[in-house]
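Participant: Now for the letters of each chain:
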Amino acid sequence: MATEGANNINPDDLAVGCMLSIRTTLGDEFEGHVVTFDRPSNILVLQEPSKPGPRRNIRLLKANYIKDFTFLGHAQDPLDPNTCFLDLTALQAREHVAVRQAEADAERIGVGVTSEAQSIFDALSKTLPVRWDKTVIVVMNEVRVSSPYHPESVFGGTPAANDRVKKVVIIFLLLCYDASKCLYLWHVKYHIDCYSSMCTRVACA
Amino acid sequence: MMNLQQIGQPKSSNGYGRWKSEKEGATKSDNKIPSGKSNASSRLPSTGFVTDNKVGSYGTPSHDRLVYLTTCLIGQHVEVQVKNGSIYSGIFHATNTDKDFGIILKMARLTKEGTLQGQRSGVEFVSKAPSKTLIIPANDLVQVIVKDLAVSRDGLPSESHYDMQHEIMVDSVISQSRHVEIGRELQRWVPDEDDPQCPELENIFDGPWNRGWDQFETNETLFGVKSTFNEEIYTTKLEKGPKTRELEKQALKIAREIEGEETEDLHLAEERGLYHNFDIDEETRFSSVYRGKGVDDIGYDENEDKLLDSHNSETFGSIYDLAITRPGEAIGQKGNNGTQTWSNLSSADYSQSGTGVELCRSGSNDHAKQIAYELPAQSCSFSESRIQENSVNDLHGAIDNTVEEDWIQTGDVQLSKSEDLQSSLKLKKDGSDEGGLAHNEASRAPSTHILSKTPEETGSVGEKKAVISRGRLGSCTSGSDCVAASSGRGLSPSSSVGSLSSEKSTLNPNAKEFKLNPNAKSFVPSQTHARPRSPVSDGSFYFPATVSTVPNVPTMPMGIGVGTTFAGPQQPVIYNPQVAQMSSQPYFHPNGPQYGQLLGHPRQVLYMPSYLPEMPYKGRDY
Chain W
1 MATEGANNIN
11 PDDLAVGCML
21 SIRTTLGDEF
31 EGHVVTFDRP
41 SNILVLQEPS
51 KPGPRRNIRL
61 LKANYIKDFT
71 FLGHAQDPLD
81 PNTCFLDLTA
91 LQAREHVAVR
101 QAEADAERIG
111 VGVTSEAQSI
121 FDALSKTLPV
131 RWDKTVIVVM
141 NEVRVSSPYH
151 PESVFGGTPA
161 ANDRVKKVVI
171 IFLLLCYDAS
181 KCLYLWHVKY
191 HIDCYSSMCT
201 RVACA
Chain C
1 MMNLQQIGQP
11 KSSNGYGRWK
21 SEKEGATKSD
31 NKIPSGKSNA
41 SSRLPSTGFV
51 TDNKVGSYGT
61 PSHDRLVYLT
71 TCLIGQHVEV
81 QVKNGSIYSG
91 IFHATNTDKD
101 FGIILKMARL
111 TKEGTLQGQR
121 SGVEFVSKAP
131 SKTLIIPAND
141 LVQVIVKDLA
151 VSRDGLPSES
161 HYDMQHEIMV
171 DSVISQSRHV
181 EIGRELQRWV
191 PDEDDPQCPE
201 LENIFDGPWN
211 RGWDQFETNE
221 TLFGVKSTFN
231 EEIYTTKLEK
241 GPKTRELEKQ
251 ALKIAREIEG
261 EETEDLHLAE
271 ERGLYHNFDI
281 DEETRFSSVY
291 RGKGVDDIGY
301 DENEDKLLDS
311 HNSETFGSIY
321 DLAITRPGEA
331 IGQKGNNGTQ
341 TWSNLSSADY
351 SQSGTGVELC
361 RSGSNDHAKQ
371 IAYELPAQSC
381 SFSESRIQEN
391 SVNDLHGAID
401 NTVEEDWIQT
411 GDVQLSKSED
421 LQSSLKLKKD
431 GSDEGGLAHN
441 EASRAPSTHI
451 LSKTPEETGS
461 VGEKKAVISR
471 GRLGSCTSGS
481 DCVAASSGRG
491 LSPSSSVGSL
501 SSEKSTLNPN
511 AKEFKLNPNA
521 KSFVPSQTHA
531 RPRSPVSDGS
541 FYFPATVSTV
551 PNVPTMPMGI
561 GVGTTFAGPQ
571 QPVIYNPQVA
581 QMSSQPYFHP
591 NGPQYGQLLG
601 HPRQVLYMPS
611 YLPEMPYKGR
621 DY
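Those sequence lines, one after another, are chains W and C. Position 22 of the first sequence, counting from 1, maps to 22 under the numbering used here, and the rest follow consecutively. Position 345 of the second sequence, counting from 1, maps to 345 under the numbering used here, and the rest follow consecutively.
Extracted from the complex, chain W is given alone in its bound form:
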């Protein structure tokens, strides 16, 4: 039985164990198994159905965003109070680990750079130590690659390092060839002495 908007939700309909199909006011649709519904905060906790094992997908939904829902049936209480234990220290430790990991990951994401730039950064980071300096990719702490991240925008470092970075950028661009980059590839052709093999391939392509 479908019910009207959020305000008319009968809490009994949201009893623990009910299987519901819900549509939100933002357009989401999903099904869930009611774990709990807290009236004061108006939050409905749903568990996604049928995921084996102790791990579940959980959704906390503010009930006032429920556009409508359908009652699908009754099932068991998905949460067994007897097995509910919390280890706060473990949780905090987990959070700590996650935050640290996220911070490390964040280091590798350039801020205010295009996704292409980010891709070049990722490609370089596979074999070289790289970091972001604002929007400039700094390789091995000496070679800098700035926008627009072409072979020509590789500066600094020893000739060998510079060359190496250039090559990686070239290869990256070649591998990601598409029409928008044809200009770069054309440019590359002129660097025959350094990148002859690559250029040959491009020319033949």
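None of these hints come from the bench; they were simulated from the model. This one's a predicted model, so the numbers in the text were calculated from it and none came from an experiment. Each hint should be verified, as a subset may be incorrect.
Straight-line alpha carbon distances no greater than 25 Å define the calculated DSS-like cross-link-like pairs of lysine-lysine that follow [what the hints assert, rightly or not]: (1) C:Lys112 <-> C:Lys147; (2) W:Lys67 <-> C:Lys112; (3) W:Lys134 <-> C:Lys112; (4) C:Lys253 <-> C:Lys240; (5) C:Lys237 <-> C:Lys249; (6) C:Lys147 <-> C:Lys83; (7) C:Lys237 <-> C:Lys226; (8) W:Lys67 <-> C:Lys83; (9) C:Lys99 <-> C:Lys83; (10) C:Lys512 <-> C:Lys237; (11) C:Lys147 <-> W:Lys67; (12) W:Lys134 <-> W:Lys167.
Once you have looked at the hints, place chain C on chain W.
Facilitator: Chain C only, in chain W's frame:
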């Protein structure tokens, strides 16, 4: 839409530190501050899901459940959808459960931009730095989605819970974690019900002959794999001669004596079952390494040196005397039943009698023990003694025997080997290199002849020895040719010796163990033979082909010599370069057989350098 307001310093009002990370984050950038909220007072339940008083006012089961679940979310990656449709991904940090559940995320970033309600713009956007802390007011919250959340446990202790979540246990987490008991009670390991796959530990060290288990048989049965393993390819062939029984008994006796020896070393004592002091804790008993002086049995060396010295001189007399003046006696001396034993030996047979000879030669079983200890302490001029004996034998035409017995030692009886080594060491001591060399130089010419496998002259025996030892040690400087020749002889012994005393000898510790070639022909001394030895010994190294141009180089010992500087005609010359390169390397090289193949043809020798650059010149072209 969102008012940026001053946040009161979030304090963990209940001292749980739940908001501890928020203290740093609250004033950081990009906070969406809920209007009028302080966010500070969270009432997350403590361990064990006990709600404190404040929460108690809400204490309905449904609320409790919500609180429980949100607590489970801590540290989890979640996605939060807000009123305008945008979705933020981050690490769930906290919520204010006693109010209306605003959410705080850490390291959050906008993953989906919702411009208008109901609209999604999945357009690629320029990346932004993640917010260290993101506060989402309850009013803006639409839903929180979390994947793979471990909601409940089976009543296992907290560690298991943690493990169940498959978190990576960072070291610092483990070491600082408060839920690991300090100094937990260790319990002795008890094996599970008899696992049929576990070998019986009692007899696991029984020799294969005791266990009645044949690995090849088993393999064949199980997998149908036919083995081509022939033990004799890899080691000395055991010849069961008439003396076998006796020699075996002697060997066992020596072994028993050694193993039953008193020792100060804890671990050795434990092994031998001599350990009686149970006061020492298990770790010291079984695992730790004592690095004090004098505990190691190597310390026996000093004492043994003198002992052996005296013993040696009894047994062997002076090297030179023995070799030069009393060759016959030497043999007799060396092995009480040496002569007889030797006569039993055939070229390809590495019989135990040879071993027995070695045993007898030392003349004393306790000697063997000491030798074993002393072995690693001294670089060996193993070859020296061997050479000596060999030369002696050569003198008497019993070359085969000599060689074999030498080789037998290699394979089977460590003791005998060590004995021989010992004696050789002693001999070496007796005759220093310099002295030997001097002697050598004096009679260089004759020695070369000898080494070239012409009938040796007694006078050169000592010289040879010295020479050999020199060559052996890779320091052959004088009489290079002599050295070469002698080293050639000494090749085989060297290898075995090398393996014995790899730590302290100048031998190449990386050289593989000498492997006898059972197919090597018996040496028959003749003018044309390039090697003075039984091919057995040289088998691995020398090609058992036709003898080559020894006569061409009457003054040039066909060098097996490491570091020899051949200056002879063709073949020697060919080998020269390598030889020169290998001046400081031991003779032995495990690639003997390969080498042998190479040497079939003089031309092939040319390939040697590239093929086996490191290999000492063993090359003889036959």
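Participant: Are the Cα positions of C:Lys147 and C:Lys83 separated by 25 Å at most?
Facilitator: OK: C:Lys147 and C:Lys83 at ~21 Å, within 25 Å.
Participant: Does C:Lys83 sit within 25 Å of W:Lys67, going by the straight-line distance between their CA atoms?
Facilitator: Distance of about 14 Å is within 25 Å: holds.
Participant: Sort out whether C:Lys249 lies within 25 Å of C:Lys237, counting only the CA atoms.
Facilitator: At roughly 18 Å apart (the allowed maximum being 25 Å), C:Lys249 and C:Lys237 satisfy the hint.
Participant: Just to be careful, I want the Cα atoms of C:Lys512 and C:Lys237 compared with a cutoff of 25 Å; is the pair within it?
Facilitator: Holds, because 18 Å separates the two Cα atoms, which is no more than 25 Å.
Participant: Would you mind confirming whether the straight-line C-alpha gap from C:Lys237 to C:Lys226 stays at or under 25 Å?
Facilitator: 22 Å, holds
Participant: W:Lys67 and C:Lys112 were given as a pair; does the straight-line alpha-carbon distance stay at or below 25 Å?
Facilitator: Measuring from Cα to Cα gives roughly 21 Å; hence the hint holds.
Participant: Does the structure keep C:Lys99 and C:Lys83 at a Cα separation of 25 Å or less?
Facilitator: Given pair C:Lys99, C:Lys83 holds - Cα atoms ~19 Å apart, limit 25 Å.
Participant: For the pair supplied as a hint, C:Lys253 and C:Lys240, is the alpha-carbon distance within the 25 Å limit?
Facilitator: 19 Å, holds
Participant: Does the structure keep W:Lys134 and C:Lys112 at a Cα separation of 25 Å or less?
Facilitator: 23 Å, holds
Participant: Hint check: W:Lys134 vs W:Lys167, CA-CA at most 25 Å. Holds or violated?
Facilitator: 23 Å, holds
Participant: Between C:Lys147 and W:Lys67, is the straight-line Cα distance small enough, at 25 Å or below?
Facilitator: Roughly 23 Å between the alpha carbons, so the hint for C:Lys147 and W:Lys67 holds.
Participant: Hint check: C:Lys112 vs C:Lys147, CA-CA at most 25 Å. Holds or violated?
Facilitator: 17 Å, holds
No hint from the list above goes unmet by this structure.
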